[in-house]
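Student: Quick one: dock chain against chain with the hints and give me the complex.
So the sequence lines, in the order shown, correspond to chains A and B.
The first sequence begins at 3 in my numbering and counts up one residue at a time.
The second sequence begins at 6 in my numbering and counts up one residue at a time.
The reader is advised that the hints may include incorrect statements.
Unchecked claim - Below are the DSS-like pairs computed for lysine-lysine, each with C-alpha atoms no more than 25 Å apart in a straight line:
| # | chain 1 | residue 1 | chain 2 | residue 2 |
| --- | --- | --- | --- | --- |
| 1 | A | 56 | A | 20 |
| 2 | A | 126 | A | 113 |
| 3 | A | 65 | A | 54 |
| 4 | A | 220 | A | 197 |
| 5 | A | 5 | A | 54 |
| 6 | A | 56 | A | 7 |
| 7 | A | 126 | B | 168 |
| 8 | B | 166 | A | 113 |
| 9 | A | 155 | B | 166 |
| 10 | B | 168 | A | 113 |
| 11 | A | 155 | A | 54 |
| 12 | A | 106 | B | 168 |
| 13 | A | 197 | A | 113 |
| 14 | A | 106 | A | 155 |
| 15 | B | 168 | A | 112 |
| 16 | A | 7 | A | 113 |
| 17 | A | 7 | A | 20 |
| 18 | A | 20 | A | 65 |
| 19 | A | 126 | B | 166 |
| 20 | A | 54 | A | 106 |
| 21 | B | 215 | A | 106 |
| 22 | A | 7 | A | 54 |
| 23 | A | 112 | B | 166 |
| 24 | B | 215 | B | 136 |
Stated by the list, open to error - A few chain A positions that, by computed beta-carbon distances, are all more than 10 Å from chain B:
| # | residue |
| --- | --- |
| 25 | 15 |
| 26 | 58 |
| 27 | 62 |
| 28 | 80 |
| 29 | 92 |
| 30 | 104 |
| 31 | 107 |
| 32 | 110 |
| 33 | 182 |
| 34 | 194 |
| 35 | 209 |
Claimed, not checked - The following residues of chain B were derived to be distant from chain A, with all beta-carbon distances above 10 Å:
| # | residue |
| --- | --- |
| 36 | 11 |
| 37 | 62 |
| 38 | 77 |
| 39 | 88 |
| 40 | 179 |
It is worth saying that the hints were derived from the structure and are not from the lab.
In this text, a Cβ means the ideal position worked out from N, Cα and C, and glycines have one as well.
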Amino acid sequence: MLKVKDLNVFYGRIHALKDVSIEVDEGEIVTIVGANGAGKSTLMWTLAGVLKGKSGSIIYRDKPHPTVAHEAAAGGIVLVPERRRLYANLTVRENLMMGAFLRKDIEAIKKDLEYIYSLFPILKERTTQYAGTLSGGEQQMAAIARGLMSRPKILLLDEPSLGLSPIYTAEVFNTILEINAQNTTILLAEQNAKKALEIADRAYVLETGRVVLSGSGKDLLQDPAVQEAYLGVRHKAI
Amino acid sequence: MFLQTLVTGLSIGGIYALMAVGYSLVFSILNFSNFAHGTIIMLGAYIGYFIISSFNLSFPLSLIGAVLGAALLALLNVELAYSPLINRRSPSLYLMITAMGVSIFLENMVYVTLGSHFYAFPEIFKQSNLKFFGSDISPLDLSALVFSLVSIYALHLFLIKTKLGTAIRAASYDMTTASLNGVNMTRLIGIVFLLAGAFGGLAGVFLGIKYMVYPTMGWITNKAYIAAVIGGLGSLPGAVIGGLILGLLETFVSVYISSTIRDVFSFSMVIIFLVILPAGLMGRHLEEKV
Chain A
3 MLKVKDLNVF YGRIHALKDV SIEVDEGEIV TIVGANGAGK STLMWTLAGV LKGKSGSIIY
63 RDKPHPTVAH EAAAGGIVLV PERRRLYANL TVRENLMMGA FLRKDIEAIK KDLEYIYSLF
123 PILKERTTQY AGTLSGGEQQ MAAIARGLMS RPKILLLDEP SLGLSPIYTA EVFNTILEIN
183 AQNTTILLAE QNAKKALEIA DRAYVLETGR VVLSGSGKDL LQDPAVQEAY LGVRHKAI
Chain B
6 MFLQTLVTGL SIGGIYALMA VGYSLVFSIL NFSNFAHGTI IMLGAYIGYF IISSFNLSFP
66 LSLIGAVLGA ALLALLNVEL AYSPLINRRS PSLYLMITAM GVSIFLENMV YVTLGSHFYA
126 FPEIFKQSNL KFFGSDISPL DLSALVFSLV SIYALHLFLI KTKLGTAIRA ASYDMTTASL
186 NGVNMTRLIG IVFLLAGAFG GLAGVFLGIK YMVYPTMGWI TNKAYIAAVI GGLGSLPGAV
246 IGGLILGLLE TFVSVYISST IRDVFSFSMV IIFLVILPAG LMGRHLEEKV
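Isolated chain B (complex conformation) (with noise of 0.2 Å):
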């Protein structure tokens, strides 16, 4: 029952930390919180139903789908919504407010257009569940867990590695200088909205499968944003254990307590940190020295 309940509050804990690194990486840079990313969630996991359901193409295909299709949707999403803000130098609130509107918009959309339908995955893990230590374990929750964490640690080479994830992590300390280094701006700024749809839509994707398809999935990334505070915005490695942590808790306190209430410890979780820790796990405490 324990390795179970564990394994389930860390894949649960897993697809928060595949949400919460859109939000931070967003964060990252243009220093607003992205509320429309649960919108591009939701429709990575419409993409993804739709294509194994009405083009009965395989899984694997499916998710290759949504996390494309949502990538580039969150790239429209900057180029239409926020680019003008950005280049007139808005206050990063002004920014927040078009994410708000962008995610009302686009839930309304799917409303008229799709219904409010609830659709439901077929049935892509087998339902025998493996024997481990005479626990259950769901080949879903494990696959969801793998598919994290090696999503995430494949970012976070890109990140540390590469000369383009290099100027990602400039930027996110200073633009201006990033631009006299000859960073174009604009399409960097593309690059981080690409990589963090693209892992909305990974996160759509088993969203959508282990719960279901519908308007207002994009909500459950209030938890994922809540993950990302615990760990500090912006940070990487704090959006993957702030993930881990809330997935945990949740779980442990559905099983061991009671579920209804569970809702109540992750958000008094996040009061608790904002008190005694506004910075999260690992946020940034960097200053230069002057």
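Chain A with its partners taken away, still in its complex shape (with noise of 0.2 Å):
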């Protein structure tokens, strides 16, 4: 579905992305797994066509991929931006329709927001609220409620349980189980390693801007390096 390959991408004067080449296929969940600056989320900039890559090639449904980020969007990349990113000037509802800002289908759009406040209670209740004044968690949600009002085809998620608190991260990743049983493809970006590796088909250490290990979520989390360097775990004695 999604072919990245040797992708090259510069933020200013740092080579943030290099070489990079992974490949999302329809109806999985992929993780990228990296520390803070591994360029985890330029990587999900440049997918959402907000950066540009300087070189390599990112193929989208057997097309070259958009590189203007409303196009992106209507193909049905839709990223989840790191730290939420909702508009704090406008009601969760507000925000829950900016989400389904190039659809038509009105009928279904009432119908997916229901289906949105049923996966997430929460919201409905805060329905008329002002997004800025939600809490960490519930922005999350509404982060992930807004991207899934776009029907997304593939669902970019940068760092969702970033700040959570664990009951939350848990919501979290339960949510992002049950909308890829609804067949949405899902490429995760995150931190939390175990918890990601855990629910992903495949996986990609990136460090430093490089793919540096990649295989199936199982096989990474037998991986001696990822469990040392990600997961808390020794190998070698002191």
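Tutor: Here you go:
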């Protein structure tokens, strides 16, 4: 569905992504694991059409990937950005409706809104509240919900568990599984490696802009290097 | 006397509000003070004047022509002068300086082509005043007030109720995220300038009727800018409230104290506001919780 080949992205003068190649197939959950500054967000912003690659190719559904954000969104690539980025000056409902900005099927939008309220009952309670007044966890729910309102073909989630309590984190990961079960392909960038690898079909490890490891989620969970670097397991005696 | 002053003040305030709306719309999206807005208003006034005096068309047609003309000029302004900077993600200071350049350019174009004449609109509203509780109220003041309030209220409904209006408010908070939601920002910015220009055209015609049409009339938008600052730059209700407060203050000072020190009061008010309430009466205080 999405094929990234030898992608190089510069962030100002910083070479943020170096020859990155990843693949996401239809219906999968693919996880990108990496520390702060590894280039996860840069990859996400590039796939969403906000940043532009200097070289390399991105093929999306057998066509060159649109390089403008609103065209990427129209093509079904929807990013839920890091730190949520809700419109704090809009109500929760207006935020959700912004997710449906490009859609014209009013009846289906209504249905989707009902579905989202059943998925996140807390948002229904807060529907007329300004998004800026929500708690961090509620904001993450709203941000994912706004992404779903776009009816994405592939949903890019950038650090959805950032700054959340363990309870909310668990809820977010359950939601991701549920969304995936509804036939939405998911590309997930996470620092919370254990959870993210557990739910992943396949995963890539990104380090200082390079893909250093890839494999199925389970394989990477067992990998000694990954365990040591991201899961806090010690293999060598001190 | 009091009632008459009140209506005059409100009508001037209404025109200030019309002009301030244009500033606020642009500021809310692009975060810079569009100082070319005054010249767009001036050109709107010229368009309205020539439609009515040279082509002998009716006042409604002149108003519509001025609104459409000014809207298109504002769109041209953004496409030719600002878009190259916006696409390069230049700091908003550059945009503001460019706006000043556009303003100087257009003003001098008018000097070169039309000269520095003062044109007066033909009599549109009857001189005879309406008697109302023993006060004389001019039909011009009344219609300026009604026009400005109705059109601004219509804009408010547009921003609150429609999808496009919601997108404008969303983009005013976060342009990048709006583009992630599928909003074509280039087009949205164009629409915002069309709206600002349309309001400028409306303001220009009423200003022209009330005072006169001349190349530097755009500088009266300094007052609209004050109104926008008092109300809170970027806030639509703020622009209206700021405009009305300023119009009332100026008129009451002119009538009850002296018209020569009127501007002292308006400019002092800006200073006071910038010191005590820099975000204005209804400026943005929203912070996202992290």
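Student: Taking the hints in turn, state whether each one holds.
Tutor: Hint check:
no. : hint              : verdict
1   : 56(A) <-> 20(A)   : holds (10 Å)
2   : 126(A) <-> 113(A) : holds (14 Å)
3   : 65(A) <-> 54(A)   : holds (17 Å)
4   : 220(A) <-> 197(A) : holds (11 Å)
5   : 5(A) <-> 54(A)    : holds (16 Å)
6   : 56(A) <-> 7(A)    : holds (12 Å)
7   : 126(A) <-> 168(B) : holds (20 Å)
8   : 166(B) <-> 113(A) : holds (20 Å)
9   : 155(A) <-> 166(B) : violated (29 Å)
10  : 168(B) <-> 113(A) : holds (18 Å)
11  : 155(A) <-> 54(A)  : holds (21 Å)
12  : 106(A) <-> 168(B) : holds (11 Å)
13  : 197(A) <-> 113(A) : violated (31 Å)
14  : 106(A) <-> 155(A) : holds (17 Å)
15  : 168(B) <-> 112(A) : holds (14 Å)
16  : 7(A) <-> 113(A)   : violated (38 Å)
17  : 7(A) <-> 20(A)    : holds (11 Å)
18  : 20(A) <-> 65(A)   : holds (22 Å)
19  : 126(A) <-> 166(B) : holds (20 Å)
20  : 54(A) <-> 106(A)  : violated (29 Å)
21  : 215(B) <-> 106(A) : violated (45 Å)
22  : 7(A) <-> 54(A)    : holds (14 Å)
23  : 112(A) <-> 166(B) : holds (16 Å)
24  : 215(B) <-> 136(B) : holds (20 Å)
25  : 15                : holds (16 Å)
26  : 58                : holds (22 Å)
27  : 62                : holds (16 Å)
28  : 80                : violated (7 Å)
29  : 92                : violated (6 Å)
30  : 104               : violated (4 Å)
31  : 107               : holds (13 Å)
32  : 110               : holds (15 Å)
33  : 182               : holds (20 Å)
34  : 194               : holds (18 Å)
35  : 209               : holds (27 Å)
36  : 11                : holds (34 Å)
37  : 62                : holds (39 Å)
38  : 77                : holds (24 Å)
39  : 88                : holds (15 Å)
40  : 179               : violated (6 Å)
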